[in-house]
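Using the sequences plus the hints, can you model the full thing?
Protein chains in written order, with our numbering: chain A, 1 to 183; chain B, 184 to 247.
Just so you know, the hints here were simulated from the structure itself, not pulled from any lab data.
Keep in mind that this is a model prediction, so the values were computed, not measured.
Incorrect hints may have been included.
[As the list claims (entries may be wrong)] Using 25 angstroms as the maximum straight-line C-alpha spacing, the simulated SDA-like pairs for lysine to any residue come out as follows:
1) B/LYS219 <-> A/LYS172
2) B/LYS219 <-> A/THR61
3) A/LYS167 <-> B/ILE217
4) B/LYS219 <-> A/GLU22
5) A/LYS109 <-> B/LYS219
6) B/LYS219 <-> A/LEU28
7) A/LYS167 <-> A/PHE15
8) B/LYS219 <-> A/THR39
9) A/LYS109 <-> B/PHE198
10) A/LYS38 <-> B/VAL190
11) B/LYS219 <-> A/LYS167
12) A/LYS156 <-> B/ILE217
13) B/LYS219 <-> A/ILE33
14) A/LYS167 <-> A/PHE139
15) B/LYS219 <-> A/TRP32
16) B/LYS219 <-> A/GLN125
17) B/LYS219 <-> A/ILE107
18) A/LYS109 <-> B/PHE226
19) A/LYS38 <-> B/GLN185
20) A/LYS38 <-> B/PRO216
21) A/LYS172 <-> A/GLN125
22) B/LYS219 <-> A/ILE80
23) A/LYS38 <-> B/ILE227
24) B/LYS219 <-> A/THR14
25) B/LYS219 <-> A/LYS123
26) A/LYS38 <-> B/ILE210
27) A/LYS109 <-> B/PRO236
28) B/LYS219 <-> A/PHE15
29) B/LYS219 <-> A/ALA149
30) A/LYS18 <-> B/GLY213
31) B/LYS219 <-> A/GLY110
32) A/LYS109 <-> B/ILE224
33) A/LYS123 <-> A/ALA149
34) A/LYS18 <-> B/ILE210
35) A/LYS38 <-> B/PHE198
36) B/LYS219 <-> A/GLN136
37) A/LYS156 <-> B/GLY213
38) A/LYS38 <-> B/SER242
39) A/LYS38 <-> B/PHE245
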Amino acid sequence: MAFNFSFFTQSKYTFEGKRDDEDVEIFLYSHWITMVIKTLSYFIMTAVPIIAVIFYNNELTERNLLGGAILFLIAYCMIIWSMYFYEVMIYLLDTWIVTNQRIIDIIQKGFFYRTVSELDLTKVQDISVRTSGLIQTIFDFGDVEIQSAGALNKFKFSQVARPQIVKDRIMKLVLESKKHEAL
Amino acid sequence: MQLLILVAVVLLIVFWIHTFVILYHLIRFGVGPIPKQVSLIFFIGSFILFMFPVLAILSIIFTP
Chain A
1 MAFNFSFFTQ SKYTFEGKRD DEDVEIFLYS HWITMVIKTL SYFIMTAVPI
51 IAVIFYNNEL TERNLLGGAI LFLIAYCMII WSMYFYEVMI YLLDTWIVTN
101 QRIIDIIQKG FFYRTVSELD LTKVQDISVR TSGLIQTIFD FGDVEIQSAG
151 ALNKFKFSQV ARPQIVKDRI MKLVLESKKH EAL
Chain B
184 MQLLILVAVV LLIVFWIHTF VILYHLIRFG VGPIPKQVSL IFFIGSFILF
234 MFPVLAILSI IFTP
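Here's what the structure looks like:
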């Protein structure tokens, strides 16, 4: 039986509830810089005890504590590894999907805690972009807020890359969708 | 010593349950190829990390 691993490299961006006649136009995560800051903090948290054990190697050996320290270090690394990938999981599952029919906002707040909201493209009234601060300006990321007709809450894409381009593409899709509906 | 080994085994089971739940979320709810690639990296890394305490426990048990 033939089996390939193409799902690791290719994807049609299918998701739960995807309609047959629906195409994914934009798929967004938060900007990678938000993950870099977390990665660096976890790296420092891992590196400091490892360096400490290497630095105090002779003293630990003299007191016959090296074995215990290494075991503690392994357990500590396993906890940090799990915590870091929990953060990565939240980052990768907290996404926004724009199709040719609707906008889907998926919020992952923890294990088994997920909120999925959607907004029809024809209901979009106004889109605004907000970039605030030096880092957001340098790395070109920010928030995209979508106001819908009659909705209480705004749809907010937080800290997405190139928000102006995202806004323009959504506006184009909204116009096409409204034109299609009018026909 | 037996109590120490028992605690280590329980902690390893908790570690694998946590790993499984993360893998489940990434594969089940992940959209696109990146969550699948990350889940593979996470699984391989978790297995390598898991082998260190297992080897340590085995060396404790089989040391005369």
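The hints, checked one at a time:
1. A C-alpha spacing of about 31 angstroms is found between B/LYS219 and A/LYS172, which places the hinted pair above 25 angstroms, so the restraint is violated.
2. This hinted pair does not check out: B/LYS219 and A/THR61 have alpha carbons roughly 42 angstroms apart, beyond 25 angstroms.
3. Our distance criterion of 25 angstroms between C-alpha atoms is met by A/LYS167 and B/ILE217, whose separation comes to about 24 angstroms.
4. Distance check on the hinted pair: B/LYS219 and A/GLU22 sit about 23 angstroms apart at the alpha-carbon level, within 25 angstroms; holds.
5. Proximity of A/LYS109 to B/LYS219 is assessed by CA-CA distance (about 20 angstroms); at most 25 angstroms being required, the pair is judged to hold.
6. Using a Cα cut-off of 25 angstroms, the hinted pair B/LYS219 and A/LEU28 holds, with the two alpha carbons roughly 16 angstroms apart.
7. Proximity of A/LYS167 to A/PHE15 is assessed by CA-CA distance (about 22 angstroms); at most 25 angstroms being required, the pair is judged to hold.
8. Proposed proximity of B/LYS219 and A/THR39 is supported: the alpha carbons are some 19 angstroms apart, at most 25 angstroms.
9. The suggested pairing of A/LYS109 with B/PHE198 holds, with an alpha-carbon distance near 21 angstroms, which does not exceed 25 angstroms.
10. At most 25 angstroms may separate the alpha-carbon atoms for a hinted pair to count; A/LYS38 and B/VAL190 exceed this at roughly 30 angstroms.
11. Restraint check for B/LYS219 and A/LYS167: not satisfied, since their Cα atoms lie roughly 28 angstroms apart, outside the 25 angstroms limit.
12. Taking the CA atoms of A/LYS156 and B/ILE217, the gap is near 23 angstroms; set against the 25 angstroms cutoff, the hint holds.
13. Annotation: proposed proximity of B/LYS219 to A/ILE33 holds, straight-line Cα distance about 21 angstroms (limit 25 angstroms).
14. Between the alpha carbons of A/LYS167 and A/PHE139 the distance comes to roughly 17 angstroms, so the proposed pair stays at or under 25 angstroms and holds.
15. Our distance criterion of 25 angstroms between C-alpha atoms is met by B/LYS219 and A/TRP32, whose separation comes to about 17 angstroms.
16. Distance hint between B/LYS219 and A/GLN125 is unfulfilled; the C-alpha atoms sit about 36 angstroms from each other, more than 25 angstroms.
17. Only pairs whose Cα atoms come within 25 angstroms are accepted, and B/LYS219 paired with A/ILE107 is accepted, the gap being roughly 19 angstroms.
18. The straight-line distance between the Cα atoms of A/LYS109 and B/PHE226 is roughly 22 angstroms, inside the 25 angstroms bound, and the hint therefore holds.
19. Straight-line distance between C-alpha atoms of A/LYS38 and B/GLN185 comes to about 38 angstroms, which puts the hinted pair past the 25 angstroms bound.
20. With a CA separation close to 22 angstroms, the supplied pair A/LYS38 and B/PRO216 stays within the 25 angstroms bound.
21. Taking the CA atoms of A/LYS172 and A/GLN125, the gap is about 13 angstroms. The hint holds against a cut of 25 angstroms.
22. Between B/LYS219 and A/ILE80 the CA atoms are separated by roughly 21 angstroms; this keeps the pair inside 25 angstroms, and the hint holds.
23. For the hint linking A/LYS38 to B/ILE227, the alpha-carbon distance of about 21 angstroms falls within 25 angstroms, and the restraint holds.
24. Pair hint B/LYS219 plus A/THR14 holds up; C-alpha atoms about 13 angstroms apart against a cutoff of 25 angstroms.
25. For the proposed pair B/LYS219 and A/LYS123, the alpha carbon gap of about 33 angstroms is over 25 angstroms, so the pair is violated.
26. Distance hint between A/LYS38 and B/ILE210 is fulfilled; the C-alpha atoms sit about 22 angstroms from each other, no more than 25 angstroms.
27. At most 25 angstroms may separate the alpha-carbon atoms for a hinted pair to count; A/LYS109 and B/PRO236 exceed this at roughly 31 angstroms.
28. Proposed proximity of B/LYS219 and A/PHE15 is supported: the alpha carbons are some 14 angstroms apart, at most 25 angstroms.
29. With a C-alpha separation of about 37 angstroms, the suggested pairing of B/LYS219 with A/ALA149 is violated against the 25 angstroms cut-off.
30. A threshold of 25 angstroms between alpha carbons decides the hint, and for A/LYS18 with B/GLY213 the separation of about 14 angstroms falls inside it, so the pair holds.
31. With a C-alpha separation of about 19 angstroms, the suggested pairing of B/LYS219 with A/GLY110 holds against the 25 angstroms cut-off.
32. With a CA separation close to 22 angstroms, the supplied pair A/LYS109 and B/ILE224 stays within the 25 angstroms bound.
33. With a C-alpha separation of about 6 angstroms, the suggested pair A/LYS123 and A/ALA149 falls inside the 25 angstroms cut-off, and the hint holds.
34. Taken as a hint, the A/LYS18 and B/ILE210 pair is honoured in the structure, with Cα atoms around 17 angstroms apart against an allowance of 25 angstroms.
35. A C-alpha spacing of about 21 angstroms is found between A/LYS38 and B/PHE198, which places the hinted pair at or below 25 angstroms, so the restraint holds.
36. Taken as a hint, the B/LYS219 and A/GLN136 pair is broken in the structure, with Cα atoms around 29 angstroms apart against an allowance of 25 angstroms.
37. With a C-alpha separation of about 20 angstroms, the suggested pairing of A/LYS156 with B/GLY213 holds against the 25 angstroms cut-off.
38. The straight-line distance between the Cα atoms of A/LYS38 and B/SER242 is roughly 36 angstroms, outside the 25 angstroms bound, and the hint therefore fails.
39. Restraint check: the Cα-Cα separation between A/LYS38 and B/PHE245 comes to about 41 angstroms, which exceeds 25 angstroms; the hinted pair is violated.
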